[in-house]
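Number of protein chains: 2
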Amino acid sequence: MIVEVLAVGTELLLGQIVNGNGAYLGARLAEHGFDAHYQVVVGDNVERIAAVIKTSLARSDALIITGGIGPTQDDLTREALCLATSRRLVHSEAWAATLLDRWTAAGRVMPESNLRQAEYPESAELLGNEKGTAPGLFLRHNDKAIFVVPGVPEEMHALFDGPVLERLAALAGQSNVLVNRVLRTWGIPESKVGEMLDDLYRASTNPSIAFLASAAEIKVRITAKAADQAAARSLIAPVELAVRERLGSAVFGIDQETVESVLLAALAARGWTLGTAESATGGLVAGRITSVPGSSAVYRGSLIAYTSDLKQRLLHVDPTAGVVTESAALAMAEGARSLLAVDVVVAVTGSAGPEPAEQSVGTMIVGVATPEASRARTIRFPGDRERVRTYASTAALHLCRLAVVGEWWATP
Amino acid sequence: MIVEVLAVGTELLLGQIVNGNGAYLGARLAEHGFDAHYQVVVGDNVERIAAVIKTSLARSDALIITGGIGPTQDDLTREALCLATSRRLVHSEAWAATLLDRWTAAGRVMPESNLRQAEYPESAELLGNEKGTAPGLFLRHNDKAIFVVPGVPEEMHALFDGPVLERLAALAGQSNVLVNRVLRTWGIPESKVGEMLDDLYRASTNPSIAFLASAAEIKVRITAKAADQAAARSLIAPVELAVRERLGSAVFGIDQETVESVLLAALAARGWTLGTAESATGGLVAGRITSVPGSSAVYRGSLIAYTSDLKQRLLHVDPTAGVVTESAALAMAEGARSLLAVDVVVAVTGSAGPEPAEQSVGTMIVGVATPEASRARTIRFPGDRERVRTYASTAALHLCRLAVVGEWWATP
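If you read the sequences in order, they're chains A and B. Residues in the first sequence are numbered consecutively from 6, following the numbering used here. Residues in the second sequence are numbered consecutively from 6, following the numbering used here.
Bear in mind the hints are in silico, worked out from the structure with no lab data behind them. Take these hints with a grain of salt, some might be off.
Chain copies aren't distinguished; within one or between two, either way the pair holds.
For lysine-lysine, the following DSS-like pairs were computed, each having C-alpha atoms within a straight-line distance of at most 27 Å [what the hints assert, rightly or not]:
1. K197 with K224
2. K136 with K197
3. K149 with K59
4. K149 with K230
Predicted model, so just to flag it, every value in this text is computed and none were measured.
Based on the sequences and whatever the hints tell you, model everything.
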């Protein structure tokens with residue numbers, strides 16, 4: 006069953022608010038096994054709202070309209086729905102009485118304009134709204150279903166999760182569920198991941214495979230549709246296994262896991278404490294680690310040595326050599342292990358730009374020291390200062406994780 | 006001129022990411038005087054992308070498509086655009102060479118699939134993309150204009166604000182220019198700023214006044230429309246003066262200035278160096294300071310002392326007292342002045358959550374020490390760990406700025 010979401014509101018078109026309702030409904034519909042091919046945003050104009058309702062009804066089985074059912078003159082969804090489906094607007098005495106009761110109970114006089122919220126397209130069912138004054142609407146039109154819910158997120162959530170979802174499931178007969186498994190990878194470029202999985206991508210329709218790049222990490226999403234969660238998971242399992250076999254240790258986590266949380270868990274498993282020593286990334290690595298609740302169980306602190314002087318005086322980097330070198334990164338890591346009294350240190354030095362520092366802009370060096378070994382790697386990143394620093398801090402977290410689990414030492 | 010935004014990506018339909026690009030483009034188009042009646046989201050399916058392109062071209066003058074131009078198999082915007090406009094896909098030797106150069110410069114071998122990004126619909130103009138590997142596209146089709154930009158926000162912003170906006174303005178034959186002046190404030194709540202400027206807000210249509218809250222800072226945007234830049238600026242000048250008179254030292258910067266850049270400039274003006282000492286913010290303050298190009302002229306480093314032990318051993322915080330107190334924040338600031346050998350230190354300690362540390366969650370303490378004086382302030386922030394840490398680092402930067410310019414000492 007194909008369900009389309011239509012958001013009404015000029016404030017969305019003007020970018021004054023982000024369409025979070027669209028994301029919420031998209032995720033919830035997918036979870037419950039409904040297909041979505043399109044979402045549309047339209048402004049507060051009765052003809053244009055009616056036009057998109059018609060377009061959407063022609064290509065989808067059901068339509069969920071959010072917004073445009075408040076009490077003011079620019080709330081036009083009710084009128085547009087009448088125009089699109091050739092219905093009259095009628096008045097609900099019952100809802101008018103409900104509204105009046107609520108205002109009276111609050112000790113206030115109801116403005117006349119609120120009675121607009123007791124109007125509805127003929128033959129529609131009114132869906133009670135405990136959190137607001139506009140009822141939801143449910144309308145059958147030819148063989149299609151139309152729902153209208155308020156644009157206020159908490160009212161929309163309550164109406165969608167309750168009466169709307171219940172009616173959608175009934176209309177769909179037995180509804181399929183959609184289950185996602187996201188494999189998070191680092192270290193292989195997006196295009197290379199696509200090549201390595203090309204035959205799987207082409208051969209798999211259920212589950213399907215998609216690639217999502219975000220910063221330096223590539224996510225591989227495997228999506229299965231089945232009668233229930235267990236059946237969907239067993240469709241996913243062999244494909245997940247095949248993807249993992251191809252990508253190996255580039256897969257560092259699943260679903261909502263982050264490299265920060267995976268690194269901290271790996272350290273906790275070994276009983277090791279963590280510190281950082283940063284130059285060019287200037288606190289970004291520490292800031293990401295300490296964003297994880299409970300990180301204080303493992304993470305102890307950092308020396309940010311932005312100047313050569315501090316690197317030499319507090320971390321004992323060789324004063325006669327450069328500071329953007331692999332040996333300087335290793336010295337920073339070893340020096341900070343001692344200064345901070347920790348088991349593992351990840352250190353970053355480099356030339357983040359805009360002016361080059363010793364080496365060309367984008368040259369970043371990560372050093373990691375653990376009780377087992379230490380190692381450094383030089384990576385060159387394209388882009389501006391912000392991007393170089395962000396990508397370098399991501400690389401530092403990943404290399405530290407590989408060192409802690411012993412995989413970095415295993416590769417040439 | 007009516008401009009429609011079309012976002013391509015199944016991840017948007019599934020609600021895995023929110024369509025922030027739609028909001029950004031909506032806001033920017035409105036600022037520049039373009040009308041928008043619709044926005045559409047469509048999944049990664051070539052027939053459906055082509056279908057919505059046709060629908061959009063039938064009702065709008067120009068179309069901006071975001072996303073679907075990466076290197077993988079599910080990036081289908083190029084193919085869909087060919088299908089919708091009856092064009093062939095052709096190959097750009099020049100862009101292929103650009104791609105190859107970039108990979109080679111980074112010391113890596115380009116996977117074959119990246120050459121997909123050198124393909125484009127015949128007769129389209131390629132728009133250079135400094136921040137990524139997919140070029141933007143500009144295509145005239147009958148009397149309509151079609152732009153394609155990447156879905157990655159930073160790449161999209163650069164392409165839209167540059168070549169796309171320039172071509173749109175030329176097509177629209179725009180004669181008026183729109184000039185913005187943004188006054189950035191900190192320390193007065195948004196509703197209070199609104200009250201203080203209410204009469205100006207009501208009296209001003211050109212220039213108009215708008216309030217934008219972002220994190221703890223409130224921006225007052227003054228926008229004038231006129232025949233040229235100079236005329237627009239002289240409309241803005243008296244209103245800016247009036248706003249500054251009302252808001253006083255809460256105004257810390259204009260336009261693209263940030264508290265980080267303003268703080269660094271104030272330090273440079275006094276010839277002072279800067280260090281930081283962070284506990285609960287764990288590197289966020291340092292990360293923000295070092296995001297500014299050239300910050301190394303003033304900023305020297307930080308000790309992140311996430312544990313009590315490090316605070317006591319390296320910063321000489323009193324081991325017999327608590328670490329989430331104003332005296333601990335002052336001791337951290339003074340201790341770091343000595344350890345890092347700098348003139349000014351801003352220190353942050355606190356209880357960021359989710360579990361309380363000595364004090365209730367959200368209690369954050371900023372201490373600043375300069376060659377002139379030192380002072381600490383306790384602030385309680387609502388919200389979760391991420392919000393508390395972000396707002397506290399903003400407060401730390403602002404209080405440090407007020408201390409450096411001598412204003413903090415002047416207030417009770």
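Inset, instruction - If the cutoff is 27 Å on CA atoms, where do K149 and K59 land: within, between, both or neither? Let me know, please. - result: both (11 Å within a copy, 24 Å between copies)
Legend entry - Alpha-carbon proximity context of K149 and K230, limit 27 Å: within (23 Å within a copy, 40 Å between copies)
Legend entry - Identical-chain pair category, K197 with K224, by Cα at 27 Å: within (13 Å within a copy, 44 Å between copies)
Inset, instruction - Since the copies are identical, ignore which copy is meant and state whether K136 and K197 lie within 27 Å (CA to CA) inside a copy, between copies, both or neither. - result: between (40 Å within a copy, 20 Å between copies)
In this structure, none of the earlier numbered hints is contradicted; all agree with it.
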